Amino acid sequence: MARKMIEQITCDGCMAKTGLSVEAVTELTVGTDTYDLCQEHAARFAAYFADLFTPTTIAAAAA
1 MARKMIEQIT
11 CDGCMAKTGL
21 SVEAVTELTV
31 GTDTYDLCQE
41 HAARFAAYFA
51 DLFTPTTIAA
61 AAA
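Start counting the sequence shown at 1; every next residue gets the next number (this note's numbering).
Keep in mind that the hints were calculated from the coordinates and are not lab data. Please read all numbers here as calculations on a predicted model, not as lab measurements. Yeah, the Cβ is synthetic: ideal placement off N, Cα and C, and Gly gets one too. A few of these clues could be false.
As the list claims (entries may be wrong) - Just the calculated beta-carbon pair ranges, DEER-fashion:
id, residue 1, residue 2, range
1, Thr32, Arg3, 33 to 39 Å
2, Val30, Ile6, 27 to 33 Å
3, Phe45, Ala2, 37 to 43 Å
4, Thr54, Ile9, 26 to 32 Å
5, Lys4, Leu52, 38 to 44 Å
6, Phe53, Ser21, 30 to 36 Å
7, Pro55, Ala2, 23 to 29 Å
Let the hints inform the model, and build the full structure from the sequences given.
Below is the structure:
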């Protein structure tokens, strides 16, 4: 009998916060650490990094 194995990759953020198994859609790698993220957590991290790396008006004026 043939068998087919299906692997579901779950969001590390959802699993840590709620224990729920939510499907991951993207990977985030920081240095040597890799995290699997759902769409919601991916959007949160993208917004966080965009805010973190956007120059402030004070820094832009000093340049």
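Results of checking the hints against the structure:
1. Thr32 to Arg3: 33 to 39 Å: 34 Å, holds
2. Val30 to Ile6: 27 to 33 Å: 29 Å, holds
3. Phe45 to Ala2: 37 to 43 Å: 39 Å, holds
4. Thr54 to Ile9: 26 to 32 Å: 30 Å, holds
5. Lys4 to Leu52: 38 to 44 Å: The hinted range 38 to 44 Å holds for Lys4 and Leu52, with Cβ atoms some 42 Å apart.
6. Phe53 to Ser21: 30 to 36 Å: 32 Å, holds
7. Pro55 to Ala2: 23 to 29 Å: 57 Å, violated
This entry does not satisfy hint 7, going by the numbered hints stated previously; all others are met.
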